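For the record, the sequence lines run as chains H, S and Z.
Our numbering puts the first residue of the first sequence at 220, with every later residue one more than the last.
Our numbering puts the first residue of the second sequence at 14, with every later residue one more than the last.
Our numbering puts the first residue of the third sequence at 688, with every later residue one more than the last.
For the record, the hints were derived by calculation from the structure and aren't laboratory data.
These numbers come from a predicted model, not from an experiment.
Heads up, some of the hints might be wrong.
To be verified - Quick list of the computed label-pair ranges, beta carbon to beta carbon:
no.: 1; chain 1: Z; residue 1: Leu-844; chain 2: S; residue 2: Glu-104; range: 55 to 61 Å
no.: 2; chain 1: Z; residue 1: Lys-959; chain 2: H; residue 2: Asp-350; range: 27 to 33 Å
no.: 3; chain 1: H; residue 1: Lys-289; chain 2: S; residue 2: Asp-45; range: 52 to 58 Å
no.: 4; chain 1: Z; residue 1: Ile-735; chain 2: H; residue 2: Glu-275; range: 45 to 51 Å
no.: 5; chain 1: S; residue 1: Lys-15; chain 2: H; residue 2: Lys-311; range: 52 to 58 Å
no.: 6; chain 1: Z; residue 1: Val-736; chain 2: H; residue 2: Thr-291; range: 34 to 40 Å
no.: 7; chain 1: Z; residue 1: Ile-735; chain 2: S; residue 2: Ser-91; range: 54 to 60 Å
no.: 8; chain 1: H; residue 1: Cys-476; chain 2: Z; residue 2: Glu-734; range: 55 to 61 Å
no.: 9; chain 1: Z; residue 1: Glu-887; chain 2: H; residue 2: Asp-249; range: 47 to 53 Å
no.: 10; chain 1: Z; residue 1: Ile-735; chain 2: H; residue 2: Glu-451; range: 53 to 59 Å
no.: 11; chain 1: Z; residue 1: Ile-735; chain 2: H; residue 2: His-375; range: 42 to 48 Å
Said to hold, decoys possible - With a straight-line cut-off of 30 Å between C-alpha atoms, the simulated DSS-like cross-links for lysine-lysine are:
no.: 12; chain 1: S; residue 1: Lys-98; chain 2: Z; residue 2: Lys-752
no.: 13; chain 1: H; residue 1: Lys-436; chain 2: S; residue 2: Lys-51
no.: 14; chain 1: Z; residue 1: Lys-930; chain 2: H; residue 2: Lys-457
no.: 15; chain 1: Z; residue 1: Lys-926; chain 2: H; residue 2: Lys-458
no.: 16; chain 1: Z; residue 1: Lys-813; chain 2: Z; residue 2: Lys-894
no.: 17; chain 1: H; residue 1: Lys-273; chain 2: S; residue 2: Lys-37
no.: 18; chain 1: Z; residue 1: Lys-772; chain 2: S; residue 2: Lys-99
no.: 19; chain 1: H; residue 1: Lys-426; chain 2: Z; residue 2: Lys-963
no.: 20; chain 1: Z; residue 1: Lys-813; chain 2: Z; residue 2: Lys-959
no.: 21; chain 1: Z; residue 1: Lys-926; chain 2: H; residue 2: Lys-475
no.: 22; chain 1: H; residue 1: Lys-494; chain 2: Z; residue 2: Lys-772
Virtual Cβ for every residue (Gly too), placed ideally from N, Cα, C.
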Amino acid sequence: MERAVEILILSGKGGTGKTTLTASLSKIIDNKVIVDADVDAADMYILLSPETVKKENFKGSAIAFIDREKCTNCGLCKTSCRFDAIDIVCGKHIINEYKCEGCTLCKLVCPVSAITMKEQIVGEWYISNTDYGKMVSARLIPGAENSGNLVTMVKHQAQLVARENKDRKIIIDGPPGVGCPVISSLSGIDYVIMVTEPTISGVHDLKRVIEVAMHFKPKIGIVINKFDLNREHTEEIKKFASEKNIDILGLIPFDKCIVDALMEKKTPVDIEDCKYISDIIYTIKDKLLKEVEYEPEK
Amino acid sequence: MKIFITATGNDLNSKYDERFGRAKAFMVVELDTMQIEKYMENENLNAGHGVGILTAQIAIESGADIIIANRIGPKSMSVIKGTGKKIYQAEGSTIKEVIENYKNNKLEEITS
Amino acid sequence: MKITIVSGKGGTGKTTIATNLAKLINNAFYVDMDVEEPNGRLFLKPEIVNEENYNVMIPEINEDKCNYCGLCANNCAFNALSIIKSINNALFFEDLCHHCGVCSYVCPENAIKEVDKCIGKINYGKFDSKNINFIEGVLNLNEATGTPIINGISRLLNEEKVYVLDAPPGTNCPVVSAINSADFIILAIEPTPFGVHDGELTLEIIKGTNKPCGVVINKYSNENLDRFINNNELNILGKIPFKRGIAERYSKGDLLIDMNGDLRNAFIAIIKNINKLNSREIRWKEQ
Chain H
220 MERAVEILIL SGKGGTGKTT LTASLSKIID NKVIVDADVD AADMYILLSP
270 ETVKKENFKG SAIAFIDREK CTNCGLCKTS CRFDAIDIVC GKHIINEYKC
320 EGCTLCKLVC PVSAITMKEQ IVGEWYISNT DYGKMVSARL IPGAENSGNL
370 VTMVKHQAQL VARENKDRKI IIDGPPGVGC PVISSLSGID YVIMVTEPTI
420 SGVHDLKRVI EVAMHFKPKI GIVINKFDLN REHTEEIKKF ASEKNIDILG
470 LIPFDKCIVD ALMEKKTPVD IEDCKYISDI IYTIKDKLLK EVEYEPEK
Chain S
14 MKIFITATGN DLNSKYDERF GRAKAFMVVE LDTMQIEKYM ENENLNAGHG
64 VGILTAQIAI ESGADIIIAN RIGPKSMSVI KGTGKKIYQA EGSTIKEVIE
114 NYKNNKLEEI TS
Chain Z
688 MKITIVSGKG GTGKTTIATN LAKLINNAFY VDMDVEEPNG RLFLKPEIVN
738 EENYNVMIPE INEDKCNYCG LCANNCAFNA LSIIKSINNA LFFEDLCHHC
788 GVCSYVCPEN AIKEVDKCIG KINYGKFDSK NINFIEGVLN LNEATGTPII
838 NGISRLLNEE KVYVLDAPPG TNCPVVSAIN SADFIILAIE PTPFGVHDGE
888 LTLEIIKGTN KPCGVVINKY SNENLDRFIN NNELNILGKI PFKRGIAERY
938 SKGDLLIDMN GDLRNAFIAI IKNINKLNSR EIRWKEQ
């Protein structure tokens with residue numbers, strides 16, 4: 220049974236236009252499942268108006284819990300904890316759930332066995348219907364850890380939905396940065412689109428996220444958004460791409476119509492006034508599909 | 014000879030599970046008789062990272078000589094390496110089919 | 688005093704606001720806590736005077752003492768150890784390790800020693816100043832989490848100085864930690880549906896702390912955001928307009944306060960508004 224081809228959109232830096240491009244591609248590519256893996260700040264729903272059909276709780280790793288009745292306030296847990304995760308509130312030792320990593324050291328050192336580990340519900344994941352296909356997304360409770368695991372869950376669910384629906388592609392709006400959630404999102408990916416902007420921070424962050432991505436050996440393509448803002452940086456990105464054998468999938472100019480569309484919760488491909496930008500996105504889509512549709516089965 | 018394989022259900026007509034670490038269940042099958050010796054539901058589904066390592070340990074402790082898997086990560090591989098157990102790339106749909114393919118030498122060994 | 692700039696969504700102007708404020712405020716420190724993608728230095732262009740490796744502890748198993756009992760692996764909550772007794776093999780997976788010390792603690796043979804592993808750096812520098820006023824955390828690539836470095840930086844900040852902290856994006860653990868230890872919180876938002884949505888999420892967290900806070904609206908050009916503002920009784924510290932010319936100069940790494948008098952005044956207004964909400968008075972540099 221073939222698994223669906225996975226296309227991930229990343230940016231390193233936030234605000235480069237990743238989610239807008241992902242939503243646009245979701246509207247014009249057939250036979251696919253849409254995934255919002257930016258679990259800390261899931262925004263795709265704003266542009267795609269999904270209707271939830273399934274909702275599940277997501278449990279994070281267990282964190283420590285101190286039983287007040289048994290606790291003698293000896294403080295051994297606090298001095299042993301490497302993460303500064305035990306506070307004293309009103310004279311009593313309590314676990315700081317934002318800082319606790321669930322290592323169990325406090326439970327092991329506690330002389331009166333007052334500490335147990337409890338799994339917390341840290342978020343939810345959803346399967347929804349949109350006008351453009353099925354969507355899998357998730358939301359993490361603010362301050363919760365485990366975004367990497369939730370990203371993995373959401374991708375796995377998408378493969379199941381794809382199999383059921385006979386969809387051959389999965390398009391994933393990825394998380395920002397270069398840490399654990401991004402690393403989780405990259406596992407098993409066939410093609411990564413890096414959306415960048417020709418600014419000093421955009422270029423800096425692009426290089427970092429590409430280096431992390433290359434570990435996983437996917438195919439990579441770059442879209443330079445707002446490219447006409449700084450021709451020098453645009454050329455720098457093109458040069459860097461060619462040195463690394465990375466394709467430039469497209470160059471999108473800075474255009475007010477994109478922001479106007481966004482204000483209406485629409486993408487450029489929805490708006491007549493945005494036809495110029497829309498055409499560029501269609502070209503990106505064509506180039507992308509050429510790269511993934513001849514992908515040999517792994 | 015015993016085979017360890019990841020499973021989506023508890024009989025040989027169930028499809029094999031394409032995942033390793035987070036497979037639904039594991040099965041040990043005696044090759045000559047095609048009897049299911051063991052069927053274990055995966056208790057580590059909610060584990061965080063590194064769940065493949067746990068599955069690799071289960072595979073080693075299961076008494077199987079051969080492990081058949083679809084996608085197995087480098088960490089899981091490093092746990093199994095050196096134990097003498099061979100790992101083969103699953104091909105087929107149902108567990109029965111995959112094991113038949115193994116019998117007919119159609120499966121490729123995974124060495125790295 | 689710690690002024691922490693957060694945003695929820697990335698790209699709304701946290702670093703822009705933080706760097707410009709740090710440059711304008713008298714005797715302020717700039718602290719970059721976005722250790723995955725630290726960008727403050729691109730705009731402040733500090734002279735780096737010191738780089739420190741940031742280390743965490745990882746276990747080293749002495750196989751002469753190890754009897755492969757597997758107690759360490761069984762107690763590791765992160766599956767970072769795998770002991771195969773049948774072939775006397777002890778495996779350690781560095782990238783899963785959370786540096787907690789449990790393995791070493793439980794080993795009955797004293798076979799585990801903890802050693803340093805470098806996961807990144809804390810860099811110190813100065814811009815416009817004789818003394819150090821720039822701190823930046825950088826996470827090495829392919830490391831899973833920068834939280835230890837963020838915690839390490841937090842421990843360096845004593846009460847006396849004015850610190851302008853550039854927090855990481857999102858609403859994850861490090862951000863919540865940063866919010867919890869702030870004295871004043873600035874929420875950077877952009878007037879788009881994404882900006883409003885993510886701003887509301889972050890606001891939930893901030894309100895829970897009851898700390899003084901205000902909002903700076905970046906890339907401001909229309910009234911869309913007013914609905915959000917009116918509903919939440921927010922203090923608007925300032926609005927930074929959206930202009931193509933500003934974006935072009937930003938792309939080169941220029942600071943807004945250096946671009947023209949109006950922008951400089953916009954940031955002075957932000958400082959004045961912070962002062963209204965806060966007991967300690969902050970001064971800005973005269974031109």
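Outcome of the hint check:
Separated by about 58 Å at the C-beta atoms, Z:Leu-844 and S:Glu-104 satisfy the suggested range of 55 to 61 Å. For the hinted restraint 27 to 33 Å between Z:Lys-959 and H:Asp-350, the CB-CB distance of approximately 48 Å leaves it violated. In this structure the hint that H:Lys-289 and S:Asp-45 lie 52 to 58 Å apart at CB holds, the actual value being about 55 Å. About 47 Å separates the C-beta atoms of Z:Ile-735 and H:Glu-275, a value consistent with the hinted range of 45 to 51 Å.
A beta carbon spacing of about 54 Å between S:Lys-15 and H:Lys-311 agrees with the range 52 to 58 Å that was offered as a hint. For Z:Val-736 paired with H:Thr-291, a C-beta distance near 48 Å fails the hint of 34 to 40 Å. Under the hint 54 to 60 Å, the C-beta atoms of Z:Ile-735 and S:Ser-91, about 39 Å apart, miss the expected range. About 43 Å separates the C-beta atoms of H:Cys-476 and Z:Glu-734, a value inconsistent with the hinted range of 55 to 61 Å.
Against the hinted window of 47 to 53 Å, the Cβ-Cβ separation of Z:Glu-887 and H:Asp-249 comes to about 34 Å, which falls outside the hint. The supplied range of 53 to 59 Å is broken by Z:Ile-735 and H:Glu-451, whose beta-carbon atoms lie about 25 Å from each other. The hinted window of 42 to 48 Å between Z:Ile-735 and H:His-375 holds, with their beta carbons roughly 43 Å apart. At most 30 Å may separate the alpha-carbon atoms for a hinted pair to count; S:Lys-98 and Z:Lys-752 meet this at roughly 27 Å.
Among the hinted pairs, H:Lys-436 with S:Lys-51 is inconsistent with the structure: their alpha-carbon atoms are about 37 Å apart, more than 30 Å. For the hint linking Z:Lys-930 to H:Lys-457, the alpha-carbon distance of about 26 Å falls within 30 Å, and the restraint holds. This hinted pair does not check out: Z:Lys-926 and H:Lys-458 have alpha carbons roughly 37 Å apart, beyond 30 Å. For the hint linking Z:Lys-813 to Z:Lys-894, the alpha-carbon distance of about 34 Å lies beyond 30 Å, and the restraint is violated.
Our distance criterion of 30 Å between C-alpha atoms is met by H:Lys-273 and S:Lys-37, whose separation comes to about 20 Å. In summary, the hint linking Z:Lys-772 to S:Lys-99 is supported, as the alpha carbons are separated by about 18 Å, within the 30 Å threshold. For the hint linking H:Lys-426 to Z:Lys-963, the alpha-carbon distance of about 42 Å lies beyond 30 Å, and the restraint is violated. At roughly 25 Å between alpha-carbon atoms, Z:Lys-813 and Z:Lys-959 fall within 30 Å of each other, so this suggested pair holds.
Distance hint between Z:Lys-926 and H:Lys-475 is fulfilled; the C-alpha atoms sit about 19 Å from each other, no more than 30 Å. Of the pairs offered as hints, the one joining H:Lys-494 and Z:Lys-772 is violated, with about 65 Å between alpha carbons and a cut-off of 30 Å exceeded.
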